[in-house]
Amino acid sequence: MKKLKERWGIEHNWQIIIILCVFAITGSTASYIGKPILNYLNITTEIFGSFGYWTIRIVLLFIMYQFMLVFFGWLFGQYKFFWNFEKKMLRRIGFKRLLD
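Per the numbering used here, residue 18 is the first one in the sequence shown, and the count goes up by one each step.
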């Protein structure tokens with residue numbers, strides 16, 4: 018726990034539990050609401066094929082996950098941690114110019 022707290026820059030053990038819960042809730046929520054959103058947008062395997070459908074679904078889930086992670090982090094009082102986490106992830110995938 019000590020190494021994880023140092024790596025993440027947090028002070029208390031309860032913050033680790035909250036952070037792990039936020040990750041779990043965000044992932045579950047993104048997955049759960051992904052299919053209804055695709056249905057609403059009329060994106061189906063019949064129209065786009067299996068490969069196209071899953072490609073669109075994964076991209077949509079990735080985008081939704083990023084926004085929801087910061088939102089749930091804020092909701093659980095860990096906004097600073099999750100905003101820094103998002104900035105780090107976005108820099109790694111090539112959005113460095115937008116963040117600096």
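It is possible that part of the hints are untrue.
List of simulated lysine-lysine pairs, BS3-like, C-alpha gap at most 27 Å [as the list claims (entries may be wrong)]:
1. 104 x 22
2. 20 x 105
3. 105 x 22
4. 97 x 19
5. 22 x 97
6. 97 x 20
7. 104 x 20
8. 19 x 104
9. 19 x 105
Hints listed in this document are in silico derivations from the structure and should not be mistaken for laboratory results.
Just so we're clear, the structure is a prediction, and the values are computed from it rather than from any experiment.
So, going through the hints one by one against the coordinates:
Taking the CA atoms of residue 104 and residue 22, the gap is about 19 Å. The hint holds against a cut of 27 Å. Straight-line distance between C-alpha atoms of residue 20 and residue 105 comes to about 19 Å, which keeps the hinted pair within the 27 Å bound. Only pairs whose Cα atoms come within 27 Å are accepted, and residue 105 paired with residue 22 is accepted, the gap being roughly 17 Å. Pair hint residue 97 plus residue 19 holds up; C-alpha atoms about 20 Å apart against a cutoff of 27 Å.
For the hint linking residue 22 to residue 97, the alpha-carbon distance of about 15 Å falls within 27 Å, and the restraint holds. Between residue 97 and residue 20, the direct Cα distance comes to roughly 19 Å. Compliance with the 27 Å bound is thereby established for this hinted pair. Under the criterion of a C-alpha separation no larger than 27 Å, the hint pairing residue 104 with residue 20 is consistent with the structure, at around 22 Å. About 24 Å separates the Cα atoms of residue 19 and residue 104, which keeps this hinted pair within 27 Å; it holds.
As the CA atoms of residue 19 and residue 105 are separated by approximately 22 Å, the hinted pair is consistent with the 27 Å bound.
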